[in-house]
Amino acid sequence: DGGITQSPKYLFRKEGQNVTLSCEQNLNHDAMYWYRQDPGQGLRLIYYSQIVNDFQKGDIAEGYSVSREKKESFPLTVTSAQKNPTAFYLCASSFAGTGAGNTIYFGEGSWLTVV
Amino acid sequence: SQQGEEDPQALSIQEGENATMNCSYKTSINNLQWYRQNSGRGLVHLILIRSNEREKHSGRLRVTLDTSKKSSSLLITASRAADTASYFCATRATTSGTYKYIFGTGTRLKVLA
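Residue numbers (my numbering), protein chains in the order written: chain A, 4 to 118; chain B, 21 to 133.
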């Protein structure tokens, strides 16, 4: 089936640890995104990438890092520098370009909790 | 920063009633999209309206767009308990040749059976 797969669904991080959230898509999308969602809140953009080997910071990039070595994959690392990482993380993808109708497709999300 | 702001933040209605939620945005857009999110799940695309369109329908959904006021509304008619979810608007912002999708703060809709 075509779609976006995020893993793991639930992840626990100890203080001072780095953790990596996986995001894979088989939709042949050029662009991929990571959003953070706090309980009862909207989505805030962490990083986005429109092409392999290139990515841009979103509104809340501090304490996070990404890589885009393959078109299908856009992993997010939550570093120890992120002081309040407990949140719901959503990965998304879309076709790139300047077309007016690029729908974004989302994965099912990953819950990260600091213990 | 969030470009879109939805209101109300929360809405509770009886099954069968209509639900209306609004979205305001700040910059020029090519299109505006509405998404739905069930609790603890990813977002699902509902409908897209282009900047040169004023109204669009899809099943029980009706979306309007007023680019002069930088606002959009989503109407769900004859609501059902299964419509209980959060609804977000999204716009595409262009920065230095790249673009990103910015989501609003969302409206939490509760439909009572």
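Hints were generated in silico from the structure; no laboratory data involved.
You may find that some hints are simply not true.
As the list claims (entries may be wrong) - Taking lysine to aspartate or glutamate pairs in the EDC-like style, the calculated list, with each CA pair at most 20 angstroms apart, reads:
hint, chain 1, residue 1, chain 2, residue 2
1, B, Lys120, A, Glu18
2, B, Lys46, A, Asp62
3, B, Lys46, A, Asp57
4, B, Lys76, A, Asp62
Claimed, not checked - Part of the chain A face toward chain B, derived, beta carbon under 8 angstroms:
hint, residue
5, Tyr36
6, Leu46
7, Gly112
We treat Cβ as the ideally placed atom computed from N, Cα and C, and that holds for glycine.
Hints, one by one, checked against the model:
{"no.": "1", "hint": "Lys120/B with Glu18/A", "result": "violated (31 angstroms)"}
{"no.": "2", "hint": "Lys46/B with Asp62/A", "result": "holds (16 angstroms)"}
{"no.": "3", "hint": "Lys46/B with Asp57/A", "result": "violated (27 angstroms)"}
{"no.": "4", "hint": "Lys76/B with Asp62/A", "result": "violated (31 angstroms)"}
{"no.": "5", "hint": "Tyr36", "result": "holds (7 angstroms)"}
{"no.": "6", "hint": "Leu46", "result": "holds (4 angstroms)"}
{"no.": "7", "hint": "Gly112", "result": "holds (5 angstroms)"}
The structure fails hints 1, 3 and 4 (numbered hints given earlier, in ascending order).
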